[in-house]
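Heads up: the protein sequence lines correspond to chains A and B, in order. Once you know that position 156 of the first sequence is 192 in this note's numbering, the rest is easy, because the numbers rise by one and skip nothing. Once you know that position 24 of the second sequence is 60 in this note's numbering, the rest is easy, because the numbers rise by one and skip nothing.
What the hints contain is simulated information worked out from the structure, not anything from laboratory work. As the structure is a prediction and not an experimental result, all values here were calculated from the model. Even for Gly, the Cβ is constructed at its ideal location relative to N, Cα and C. Treat the hints loosely; a few may be bogus.
A short, non-exhaustive set of chain B residues, derived as facing chain A with CB atoms under 8 Å [said to hold, decoys possible]: (1) 37; (2) 38; (3) 42; (4) 57; (5) 64; (6) 65; (7) 66; (8) 67; (9) 73; (10) 80; (11) 81; (12) 125; (13) 127.
There are 2 protein chains.
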Amino acid sequence: MKTFLDCVPCFLKQALGAARMASDDPEAHARVLRTVARAVAEMGMDETPPSMGQVIHRVVREATGVEDPYREVKDHFNALALSMYERLKSMVAESDDPFGTAVRLAVAGNIIDFGVRSDIDEESLERSISESLGWPLEDGALDALRRAVDSADDILYVGDNAGEIVFDRVLIEEMDTDRVTFVVRGAPIINDVTMRDAVEVGMTDIVAVVDNGSDAPGTILSDCSQEFRERFLRADLIIAKGQGNYETLSQAPGRIFFVLKVKCPVIARDIGCEVGAVIVWEREIG
Amino acid sequence: MKTFLDCVPCFLKQALGAARMASDDPEAHARVLRTVARAVAEMGMDETPPSMGQVIHRVVREATGVEDPYREVKDHFNALALSMYERLKSMVAESDDPFGTAVRLAVAGNIIDFGVRSDIDEESLERSISESLGWPLEDGALDALRRAVDSADDILYVGDNAGEIVFDRVLIEEMDTDRVTFVVRGAPIINDVTMRDAVEVGMTDIVAVVDNGSDAPGTILSDCSQEFRERFLRADLIIAKGQGNYETLSQAPGRIFFVLKVKCPVIARDIGCEVGAVIVWEREIG
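Isolated chain A, as found in the complex (with noise of 0.2 Å):
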């Protein structure tokens, strides 16, 4: 998905409150929006959203000398999610439809986007909970998931935030392991997954994990390592999680399943949704 123009106002928003989160100095936020409204004034809209972000917090790590400000907000959302893990299994497993229900829980995981809003708290993701297990989905879109799932060999699972993993966990647990890879960012970036996070909440215990060797808050794959690239075009089914996956993989190769929590209007314009809206989508190649 390229970039629209209503995007460059939410960077210079994301950019202060990442700069908050890094650091109390105010110097160092004013320093951040400058060079932030610099770097937007200047840049191709024809990249993804993520591309910009990937800058965005590459400045703020530079300005604050902050490696990676959202170390506390990923290890309290792991913390969280892991408290919440025996009942989510247990909702799974008394559901009509445990696969079914595991998506709509792995979609409801995804409300913990730091990039989107900065005030997301055990509330939001309650809420999240029950809106994504009642939401209406397109006809078929869990089955034809589920089969998708049943008949691939080779299913890379691709991870969006800390937190939300412990949901995407409930979800693989529901597909036979041996055929999943889970996949994490190759660095901080907002709080997006990293292999910490696969350890910290036991996903490295049950799949193969692998880093994509990048630090954009989604999955460029121009920007991935050489070896993440060829696993990609590997893999049989595409999994790709929440909103800068969407955002970075729409043209991507592959037979590729975006699910997601549709977060901000410009996604929901492009997807023709709702703002709010549970998304479990094959992406047909055109």
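Using the hints provided, position chain B relative to the given structure of chain A.
Same frame as chain A, now just chain B:
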């Protein structure tokens, strides 16, 4: 009031809204955004937000060739408010406190501010009226303004927006009109009130109307005409409507009452109130 970092993303949002109001050409929108992004990267944060507003809307006019992008909006809201005029007059006449009700209605009209949002409609205006009539004002605020108006010989009523000016007229008609001068902006800026609006709604028939010689969305005295500055200093009471006048006159000399609806979180924090608050406040000179 100085500019806060939180204003910066909002400047770009305003620029995009204004560019879209002025032109259907996406190239022009992008040009405006890039130019404004460069300008905010260089701006001094000690200036007031309307200083940047002035820059933004000059960029919009230059990039689109449209001198008065909000002309239709202004005509629409002047006509809408005029169609409500008799009803507003009855509300005042039938009230136990006609002056107080007129003040509350004048604040209600301040919702018609396209600097903050561009989705104001008749419904938002009606909602603003009922909220404003019921808002718990600070004890004695209306009495203080009433006493100030009764004892002043030379009242400068600094208007804010088109449409809203009809609500201002209803309030001014509760004063001795011989002692009131209404102030409009010196040139089109957003949907701020200009001489043309004062004529359209009959304000020029009831009081003296002067323009301030400036195209800022507020009253930046140093940017106003020499004549207006002298006029301002001569007044013994200033009633300053709306956010833009609050932002630019909060440090100005003279006896000033700020009368506004708070529409942005930065101003709410500066005043110490919530977004949506109805403010009738005599600024104490420190």
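Can you give the numbers of the hints that this structure goes against, from lowest to highest?
1, 2, 4, 5, 8, 10, 12 and 13
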